[in-house]
Amino acid sequence: MSNTATRGRPSRNVGNANGNHGNTRDSTEIFEARAYAIRAREDTSSPDVITSTFSLYDINVIALVDPGSTHSYVCENLVSSTSFPIESTEFVIKVMNLLGKFVLVDKVCKNCPLMTRGYCFLADLMLLPFDEFDVILGMDWLTLHDTVVNYRRKIIELKCQNNESSGLPIVISSMSIQRCLRKGYEAYLAYVLDTKVSESKIESVPVVCEYPDVFPKELLGLPPIREVEFAIELVPGTSPISIAPFRMAPIELKEWKAKLQELTDRGFSRPRFST
1 MSNTATRGRP
11 SRNVGNANGN
21 HGNTRDSTEI
31 FEARAYAIRA
41 REDTSSPDVI
51 TSTFSLYDIN
61 VIALVDPGST
71 HSYVCENLVS
81 STSFPIESTE
91 FVIKVMNLLG
101 KFVLVDKVCK
111 NCPLMTRGYC
121 FLADLMLLPF
131 DEFDVILGMD
141 WLTLHDTVVN
151 YRRKIIELKC
161 QNNESSGLPI
171 VISSMSIQRC
181 LRKGYEAYLA
191 YVLDTKVSES
201 KIESVPVVCE
211 YPDVFPKELL
221 GLPPIREVEF
231 AIELVPGTSP
241 ISIAPFRMAP
251 IELKEWKAKL
261 QELTDRGFSR
271 PRFST
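Each residue of the sequence shown is one higher than the one before, counting from 1 in full-length UniProt numbering.
Be aware that a few hints might be false.
Derived lysine-lysine pairs resembling DSS-like cross-links, with alpha carbons at most 30 Å apart [said to hold, decoys possible]:
no., residue 1, residue 2
1, Lys183, Lys196
2, Lys259, Lys201
3, Lys183, Lys107
4, Lys110, Lys159
5, Lys217, Lys257
6, Lys201, Lys254
7, Lys217, Lys201
8, Lys259, Lys196
9, Lys183, Lys159
10, Lys257, Lys201
11, Lys254, Lys217
12, Lys110, Lys154
13, Lys196, Lys254
14, Lys154, Lys183
15, Lys94, Lys107
16, Lys217, Lys159
17, Lys94, Lys110
Quick caveat, the hints were computed from the structure, so don't treat them as lab data. All figures in this text were calculated on a predicted structure; none of them were measured in a lab.
Generate coordinates for the entire structure from the input sequences, incorporating the hints supplied.
Structural data, given as structure tokens:
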């Protein structure tokens, strides 16, 4: 629970504030507001909270969706390490924790572009010292974007500019995964490959383009004899250690055999047997 003291004209998003709207700037109106607070960092992975990821000024941030908070906040440490535009607020929020300590919040980053799935959702984020999340999205942001919260499935839907609905990506932490595995939940391990990413070419490496004589397209033979030859000296009376190769998949083993045979045919390697 946090108390909010308004200095100057009252906030527009508070409809039940009492007082005369014609008061001078020195007058103070008090209304109630709430801000989210958690007691331990481990609670961020609790199944009782709804989190998602956004891109904020090309920075990936973890956001807590908290309908119990009247305003939206951003971590002060995140803002101090970047160049977010900061403005002074028209009111001051007095955020109080369970121990009775409070902090006055009077700075805000307006119209912050929260990007997800190619859509932009603006947010006015007030600066607040907390470390559990990067961003806390409260009722002001949820109301602005006509958000529908599904508490059972722990997902939310947002209204885009073209009146389309967009769901936020579901984020699950490693601690939540471990907890589910210990309970015997069925799990699948998937290997995802982005087929749209083009293969990197050797010409794209600046060093290769700078020294074409050192990096030819094809090897013409063994390197020339140099003044100082590289060698690994063994302790007298010892021989190279023979280690059995690890098991390979048939397709991978066939590919390696073809490469080794090509190097042998071109004279870059020769068969060797260890006893």
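Checked hints:
Taking the CA atoms of Lys183 and Lys196, the gap is near 37 Å; set against the 30 Å cutoff, the hint is violated. A C-alpha spacing of about 20 Å is found between Lys259 and Lys201, which places the hinted pair at or below 30 Å, so the restraint holds. Note on Lys183 and Lys107: the hinted pairing is violated, with a Cα-Cα distance of about 44 Å set against a maximum of 30 Å. Taken as a hint, the Lys110 and Lys159 pair is honoured in the structure, with Cα atoms around 20 Å apart against an allowance of 30 Å.
Taking the CA atoms of Lys217 and Lys257, the gap is near 22 Å; set against the 30 Å cutoff, the hint holds. For the proposed pair Lys201 and Lys254, the alpha carbon gap of about 24 Å is at most 30 Å, so the pair holds. For the given pair, Lys217 sits about 12 Å from Lys201 by alpha-carbon distance, which is consistent with the 30 Å threshold. A distance of roughly 27 Å separates the Cα atoms of Lys259 and Lys196; the hinted pair therefore holds under the 30 Å criterion.
With a CA separation close to 36 Å, the supplied pair Lys183 and Lys159 exceeds the 30 Å bound. Under the criterion of a C-alpha separation no larger than 30 Å, the hint pairing Lys257 with Lys201 is consistent with the structure, at around 24 Å. For the given pair, Lys254 sits about 25 Å from Lys217 by alpha-carbon distance, which is consistent with the 30 Å threshold. Among the hinted pairs, Lys110 with Lys154 is consistent with the structure: their alpha-carbon atoms are about 27 Å apart, no more than 30 Å.
With a C-alpha separation of about 27 Å, the suggested pair Lys196 and Lys254 falls inside the 30 Å cut-off, and the hint holds. A hinted pair counts as satisfied when its Cα atoms are at most 30 Å apart, and Lys154 with Lys183 qualifies at roughly 20 Å. Between Lys94 and Lys107, the direct Cα distance comes to roughly 12 Å. Compliance with the 30 Å bound is thereby established for this hinted pair. Under the criterion of a C-alpha separation no larger than 30 Å, the hint pairing Lys217 with Lys159 is inconsistent with the structure, at around 53 Å.
In summary, the hint linking Lys94 to Lys110 is supported, as the alpha carbons are separated by about 19 Å, within the 30 Å threshold.
Violated hints, listed in ascending order, are 1, 3, 9 and 16; each of the other numbered hints is respected by the structure.
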